[in-house]
Amino acid sequence: MREDNKIVFTGPVGAGKTSAIAVLSDVPIISTDAKASDMTINRKGHTTVAMDYGILHLGEKSKVHLYGTPGQERFDFMWDILTTGGLGLVLMLDNTRPNPKKDMHFFLHAFKNYISDVPVVIGISKTDLAPRPTTTEYAEMFAEVSQDLQMLNPVPPIFEVDGRNKEDIKNLVMALLFSIDPGIGAAV
Amino acid sequence: MNEKPNAVATSLVVQSIGMDARKEAVFRMAFKMNRRHAYRLLEDGEKEKVDLAIADLDSPEGLAQARTFAREQPHIPLLGTSTTPEQYPEFRVLRKPIRMETLFPALAQLLQQPANAPASLPPVETASPPPPKPEASQPSTKAADADLRVSLSRRWNPEQVEYFDPDQGILALVQRAVRDQIPTQILNPEGKLLWRILPGDGLVESYGSSTEENKALTDPERLQVRVDSSQANGQPKHQQGLQEFLWSFSAAVARGRMSRRIPLHHPVKLQRWPNLTRLRPLPEALRLSAFLARSPASPLLTIRMLQVEPADLFNFLAASDGIGILQYGPAATSTIPSNQTTPATSEASTRTVEPPSPKRGLLGRLLAKIAGL
Numbered sequence: 001m002r003e004d005n006k007i008v009f010t011g012p013v014g015a016g017k018t019s020a021i022a023v024l025s026d027v028p029i030i031s032t033d034a035k036a037s038d039m040t041i042n043r044k045g046h047t048t049v050a051m052d053y054g055i056l057h058l059g060e061k062s063k064v065h066l067y068g069t070p071g072q073e074r075f076d077f078m079w080d081i082l083t084t085g086g087l088g089l090v091l092m093l094d095n096t097r098p099n100p101k102k103d104m105h106f107f108l109h110a111f112k113n114y115i116s117d118v119p120v121v122i123g124i125s126k127t128d129l130a131p132r133p134t135t136t137e138y139a140e141m142f143a144e145v146s147q148d149l150q151m152l153n154p155v156p157p158i159f160e161v162d163g164r165n166k167e168d169i170k171n172l173v174m175a176l177l178f179s180i181d182p183g184i185g186a187a188v
Numbered sequence: 001m002n003e004k005p006n007a008v009a010t011s012l013v014v015q016s017i018g019m020d021a022r023k024e025a026v027f028r029m030a031f032k033m034n035r036r037h038a039y040r041l042l043e044d045g046e047k048e049k050v051d052l053a054i055a056d057l058d059s060p061e062g063l064a065q066a067r068t069f070a071r072e073q074p075h076i077p078l079l080g081t082s083t084t085p086e087q088y089p090e091f092r093v094l095r096k097p098i099r100m101e102t103l104f105p106a107l108a109q110l111l112q113q114p115a116n117a118p119a120s121l122p123p124v125e126t127a128s129p130p131p132p133k134p135e136a137s138q139p140s141t142k143a144a145d146a147d148l149r150v151s152l153s154r155r156w157n158p159e160q161v162e163y164f165d166p167d168q169g170i171l172a173l174v175q176r177a178v179r180d181q182i183p184t185q186i187l188n189p190e191g192k193l194l195w196r197i198l199p200g201d202g203l204v205e206s207y208g209s210s211t212e213e214n215k216a217l218t219d220p221e222r223l224q225v226r227v228d229s230s231q232a233n234g235q236p237k238h239q240q241g242l243q244e245f246l247w248s249f250s251a252a253v254a255r256g257r258m259s260r261r262i263p264l265h266h267p268v269k270l271q272r273w274p275n276l277t278r279l280r281p282l283p284e285a286l287r288l289s290a291f292l293a294r295s296p297a298s299p300l301l302t303i304r305m306l307q308v309e310p311a312d313l314f315n316f317l318a319a320s321d322g323i324g325i326l327q328y329g330p331a332a333t334s335t336i337p338s339n340q341t342t343p344a345t346s347e348a349s350t351r352t353v354e355p356p357s358p359k360r361g362l363l364g365r366l367l368a369k370i371a372g373l
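Those sequence lines, one after another, are chains A and B. According to the working numbering, the first sequence is numbered sequentially starting from 1. According to the working numbering, the second sequence is numbered sequentially starting from 1.
Please keep in mind that the hints were generated in silico from the structure rather than gathered at the bench. Among the clues, some could well be false.
Unchecked claim - As a list, the in silico BS3-like pairs of lysine-lysine whose alpha-carbon atoms are at most 25 Å apart:
1. LYS112/A <-> LYS96/B
2. LYS101/A <-> LYS112/A
3. LYS369/B <-> LYS61/A
4. LYS102/A <-> LYS112/A
5. LYS369/B <-> LYS170/A
6. LYS126/A <-> LYS101/A
7. LYS369/B <-> LYS63/A
8. LYS126/A <-> LYS170/A
9. LYS102/A <-> LYS126/A
10. LYS166/A <-> LYS63/A
11. LYS63/A <-> LYS6/A
12. LYS369/B <-> LYS166/A
13. LYS96/B <-> LYS6/A
14. LYS166/A <-> LYS6/A
15. LYS61/A <-> LYS6/A
16. LYS126/A <-> LYS237/B
17. LYS369/B <-> LYS6/A
Isolated chain B (complex conformation) (with noise of 0.2 Å):
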């Protein structure tokens, strides 16, 4: 059985060379953000046909590698990377640190020139408009959308969303006092002081036990909000930082939900890491903060790029927005060169999309080292 979706036989397959894992990881990962042309990395082992090439010009055996692979191989397009490619006149050189939004002008434009060029040809360092893609590279069929589609529905209906409205109800209330910085109670429903929120000191102080405070937020709608006029509640049995519990309680309110107010289908964005070492831990928090803080991405392609489980995405995203630190709307795609974005429409169906191997040699084995620790 064939387990590689159609798409895959369909991408530009691109030759590394001089490149190690975590540069070879780099590629891939920006390969598959890519939102118009298919490209694959070819992986060791492998011996398709190559239609183009990547050199890391500045590491010890790049220069060589490159210069033997231009020299056996001259109708395959060849890039070079390089930190000065200024000294490297021969070869079409793209600048690092390598960015999406130059590396896919500069891979079309490349695609778009013989392989042979002359090697006077300008040095590629800044984005500009990709020109229109050869028509015998276009990777996607109907075939790779449809066998795309079958694969996606198996996991996961977009149309299924459930979706809660953080303006709405206790998170509405909750966020509303840490705006206007004024104290608030929370209590449970049998009228048990839980917290009391003091935004000014930018804390919040635990009253209830943790098996109280659990069970509340399994079901924080029930939960009763007042504000806090008195000073006399005892001795709190701990306190935590504001951005703390507003992590925790706005995951909890999600409970798997989507936020209405972020959107499904357009790119949102991290301004910042989460502060992971000191915050709950929510279920793939590290993986997803380091992709949404890379590039903006839409939830959709979130989950399909990282086959995370829709809840515990929605569950990130809320506790994200919960502290002030996801961006979406025009604050996201501000940052997103027109030349990488495509209508948020035609993303589910036009896009084809690799499922992340399980295991990716040296990274995989020693993040399974690391988490076993």
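Isolated chain A, as found in the complex (with noise of 0.2 Å):
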């Protein structure tokens, strides 16, 4: 049986997905951040520009690799390349930014092969610096941006997290897991 043990990351600049990799990998993760140049300079000095990769390491002979995707569009021809297989996908939406719904919407049709595929999970980052929207408006917001996608699961968790915090990022990530087999880890 052929294994894609691979989790992608993905949002715009800022929402904290380099830092929710570097929670759970169980090495320093390989960052290719580099001076931003662009408007990105506007949100952080600097920002991946091509990927973030940790691994998870599960016993000796199997290991979950940990991919970030670079948040601006114009890289978007990556993508493609770290969706193939995997587990699953983690949007990271950064709540300050001026248009979520239409982060939410770029980023989702993105993928949107990817995520017929496999489940999505939902983070909010900067609830503390912007309380609205709130999770109960994201997911009126999803309705709407997801009515011509063919989701594996169209009622995705979405949550309130810090990227630099450990429980929230578990929380994100079990999550999906659940989303692909509630029954995992389950007592008898």
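Each of the two chains sits in its own frame; use the hints to bring them together as a complex.
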């Protein structure tokens, strides 16, 4: 049996993808940050220009690769490569950005083929700085922006997260795993 | 000792082709949730007779493996799955994403057709009422049912469920205050202010210590409720969102009991996931959210499928109902195709359930790893 052990983190610049991978990875993440040279500089000084990479080791023989996509849309040619196979998609959205609904629409549609086959979970970051939209409002937005999508899990988890907070990221990824199979780890 | 229920032996055995662990997990769960037929995925190392096969034609090896399988075992029906069914005219193909309402009619149709049917058969792409299952394939037997009942009775008896009435008592008062936007105070039995509920602001202010709050939540029916007519209450120790408060307060009132408002034998469904990273943790909340957001299931079925403690499920349902995201009655069942439903009364006695494995290979190990971080 073939196993593609990969989780992909995506979302706009500054949403916390790199931090989330760093929280989970067993090894220091391989990050391809560079000094921002475009509009990104308004949001953060350095940003991921290729991808982030981390590993979760599961015993001696198997591991799960954690990939973070670059946030800028001009790197979207890489996304298909990153999403070949895999367990699921973690979409991180930044609540301080001007139009989170547009971001949600963009990333869900950019990965529309992928998420017809794997579950997606959505983490909303920086809600301490911008409390609206709330997760309830995101759920309403999601219903609108996903109308034309065929999704494996059409009612995905939408959680407030802090990318640096281990418990938040653990819960987000565990929600992804339970979205694949709610029966895993069940007591018998 | 045979640890598997007899039901397993009477299931239709399905072989997966070209699928990874995650895709197999999706089918495994779909088979468990199906209410009419007993399908079971052939596990690694098992050598049982295969009744039918499902192939992922989009995977790198799937198409070649499916063609080999069809050539070598032409008597076994094979269902392909693909995002582009039109590319594979030699197979009967179900379009992705796979849904319960299309998968099972497609499998039923497949069993009705000769396995080596002409390649020009139209692809199975839409749901249609399933034809009656061949007599020989009926999985349920009296022996299996008896075995299942014995197995369940060791754990839990649905007839001994304890109920509470959310439309009476303190929870009803709090819900009414929220609904009617009336600022309200909750005091402990000694008259000390613990919470101010401010529905207009979507906030709840806390005035007690965490010890006092926890103590109050162990027996919430002893708390007092009164309209908040005073503005001078001193400084609150902290504040929380109204949803956060209603979630934990509803679970505390439930105390492992089932809400009378929620049907035990009929489907319930989550309208959306609760924001679990910002709500008081409840046991099994992630698993239950995933299960009940995916498709409707009765509380009884949920307990049996997920092997959760009934008290944990009842607390979760009460909390979800408290924040208004639980659907039941017509709202929950309207999303279930009629061919996927069975009368509630027959649910417990006719369906076969395979207990979930405690360890599901990669996913189980990954879950354990992340939970232990």
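(request) Find the hints from earlier in the document that the structure breaks and name them by number, from lowest to highest. (result) none
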